[in-house]
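Q: Dock chain B against chain A, hints included.
Protein sequences appear in the order of chains A and B. Note that the first sequence covers residues 1 to 422 in our numbering. Note that the second sequence covers residues 423 to 905 in our numbering.
Simulated from the structure, these hints should not be mistaken for laboratory data. Even for Gly, the Cβ is constructed at its ideal location relative to N, Cα and C. Possibly wrong hints are sitting among the right ones.
Residues from chain A shown here face chain B by an in silico Cβ test under 8 Å; the list is partial [what the hints assert, rightly or not]:
id, residue
1, Glu-32
2, Ile-46
3, Glu-229
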Amino acid sequence: MEKIIAKPGDLVEVHFGKVIYEGIFLESPESEKGIILLKLENGYNIGLNKKDILKIVTIHRGEDKEEKSEISKDNKKPNIAMIITGGTIASSYDSKTGGVHPLTNPESLFRFYPGLFERVNVVKVEVPFMKFSEEMDFKDWQKIARTSEKLLNDSNIRGIIITHGTDFLHYTSAALSFFLGKLNKPVILTYSQRSIDRASSDANLNLQCSALAAISDIAEVMLVGHASEEDNFCYAIRGTKVRKLHTSRRDAFKPINCKPFAKISQDTILKIDGHNLRNNRKVKLDLKFNDKIALIKLYPGQSTEILDYYAKDKYKGIILELSGIGNASSKFIKKINELSNKGIIFCGVSQCINGRVDGLVYSSGRKLIEAGVIYLGDMLAETALVKLGWVLGHKEWIKSKEKIKEKMLENIAGEFNKRLEE
Amino acid sequence: MEKIDYSKLKFKSGLEIHQQLDTHKLFCNCPSVLRNDEPDFLVERKLHAVAGESGKVDRAAEYQASLKKTFVYQGYKNSTCLIELDEEPPHEINEEALKIALQIALLLNCKIIPITQIMRKTVINGSNTSGFQRTVLIARDGYVETAFGRVGIDTICLEEDSAREVKKEGDKVYWNLDRLGIPLVEIATSPDIKSAEQAKEVALHIGDVLRSCKVKRGIGTIRQDVNISILNGNRVEMKGVQDMRTFVKTIENEVLRQKELYDEKTPTQAEVRNALPDGSSEFLRPMPGSDRMYPETDLPLLKISREFINEIKKDLPKLRSEIAGELKEKGLSEEMIKLILNEDKIEELKSLANIYSNLNFIVKMIVLFPKEIASKENKTFEKIEEKIIDYYGDILRLLNKKKIGEGDVKDILINIVNGKNFEEAIKIEKADNSEIEGEVLKIIKEKPGLNANAYMGLVMAKFKGKINGKEAMEIINKLVKKK
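Isolated chain A, as found in the complex (with noise of 0.2 Å):
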């Protein structure tokens, strides 16, 4: 066959064997490079070899459709700022190339979303950068904080709504917890596991939620979404106690060992637990980190090679996630105390995601403090390791194993619960 020069978008006339096929030419995928992708009138797509098509004929050119989306000002009502880095909150359907795409325009993430305007005037849209959430490092959480501390600095703005993918959302949220400090406004962290051109997505609850969220008085970091299966509630999760707890539901998000802050429906906040107040306060930004650190999840019958590895490579923290209540292999124990020794910081949190560690109920959790290895409660993994990273970045705090070890026991952004309930 001769070379396609039809464009996706294209009404095409395809010559197949004794078939000619008319529709709409779309781009193949990513994985079918043998294949042609067309839109019949009715509406299906199917698939055509390349290799068995005589001629593909254009009968007229796509037009590039500029969306337009004006969102919608009445500064009678609240103003808040949302900031949007990428995900599947802010990704769509192309109807052009037939996959999904990061928008490409995200402010028409709004004309899916009309509902979110209903209580809140949103004066700033700030896009940083469009990302999946796995894609992301502590470089981009420091841009999302330096955006969010213009804006929580901005006396015409009552709160922001970051939206953000959902896989490593909850290290965001505890990035933000450590480099914001303490705030004088809410910073709503939102997402959604539906994509955003299917009716029966939960980013419109979600947004709906976060923006009653964005200008109530809790002036915290905290993740917004769905409490249950249902579309009648969210939960609003304090940053650094948040999870992803399952793959695909809704209501993917837990808080673990504590309580949410806050029930949110459509129209009304209950507050279920104490938080930071709003005030006027300026937000002082705390950037610094460190990313020579590490998060282990002991097995059994594990090598302890693994960190021989992180020690040629020079890490200067480790976070082990050990098993039960706190505990580690002996050949693990030894190994930690040799290279605790030469100045790696290791901590340990429990990969039973609830509960706490506690070193002294068993002889190797005791081996494990004698080998320095410093047990951080009930803190999560996820933000112990952010913790480790930003504690890490301080020069004035690592001179001594003991400062590094009271800045890790310290309960900065919430990262500790004294009384867990459940």
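A: What follows is chain B alone, placed relative to chain A:
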């Protein structure tokens, strides 16, 4: 009713038939069973309007969204999973359902589409938790022959059924998730149909093809829509025209409705109407736009290999009309053929025919008798059949050896149903002929001058089924003549 001149009215019509397949669900492993027990849980959801591919909000979708409903979904722990709840991406398409759909496509002379894409059709009346129905085009360009000429089959799609509406309470609509995801084959004919009678013939033929494959049976398992336009006007989709008794009347009424609008110079609206039991119809919703299809991005392209198609071609089920012809040749009466096809007992008949040669009697034994017993005992056919099915072979062997007569078989079955073991059940208590003769003579003496049938009634009442009717009649005839 006035006679309709279809060609003068430029009548154009096509059928759309939806048939449930008899497999587990299309995109998950839940069983396809409808339930009437109380649900284990309820889930409340909202849907919102979405922009279609062109960026415009679908007219029909907008219409639905304007209703601002809350949807309450009813589910069961052991037959509803996260997929029906729109909480997990779909699994790969159910291969058995695909195979059955391809059988149907081949029986309707269609061409299979070897590479195709599973699509999402936006539906936001709440009948799908996701806000769309998954559907895939698997074949096109087939045909059926009718007495009035060939009718094309445009497309055959495999899709998931919607949830089942249970009730409406204020702004809440309750849906049961038991039906959501049951595989459906959608057959759309070309608008080649020229009269209501031809439409009926096409519907019956497609029905015959469907029932020869592994499809669900009974009320609600097949739904039939008819598209109708006249005088080059807009197309109207009539939903739920599956009752073949009112089929022709429904179409005629719609033609007259459109004709009346035409005469009043009111353009016919492109709309979806619901067929009512009396043959009339009511407005349901405006016709959805063509803008509402986009790909199911959670699944890869569906590829149907030549090997898979060839394997299906080798083993295509026989049409019911073919089977009926064969059975007729073997001496089965029309009535019995109808019974055996309706109850799907062809396989049983075939194997029992190896034992006993009177096929009409076998059908009586395996269909008619269990039905009669079931209605007398107020139990289901299946419940009765379950108790007697294992004895059919033994009974027929006894018949062959003339140990029992055909007239005894129903009583034997009743005995088995009543819990007797087989040895006991075949001992039919019989009045002997001299006893009957004595009794008949006595009756004639008591009530002289009646005709044979009247005596027959009295005799049968006396013996309450313990005698063979045929033999009794012979005796009565003999004795009445003697008088």
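Q: Now tell me if each hint is right for this structure.
A: Hint by hint, here is what the structure shows:
1. Interface hint status for Glu-32/A: upheld, as the beta-carbon distance to the closest one in chain B is roughly 6 Å, under 8 Å.
2. Because the beta carbon of Ile-46/A sits about 5 Å from the nearest beta carbon in chain B, less than 8 Å, this interface hint is met.
3. Annotation: Glu-229/A was flagged as interfacial toward chain B, and the flag holds, the nearest CB pair being 5 Å apart, inside 8 Å.
Against the hints set out earlier in the document, no violation occurs for any number.
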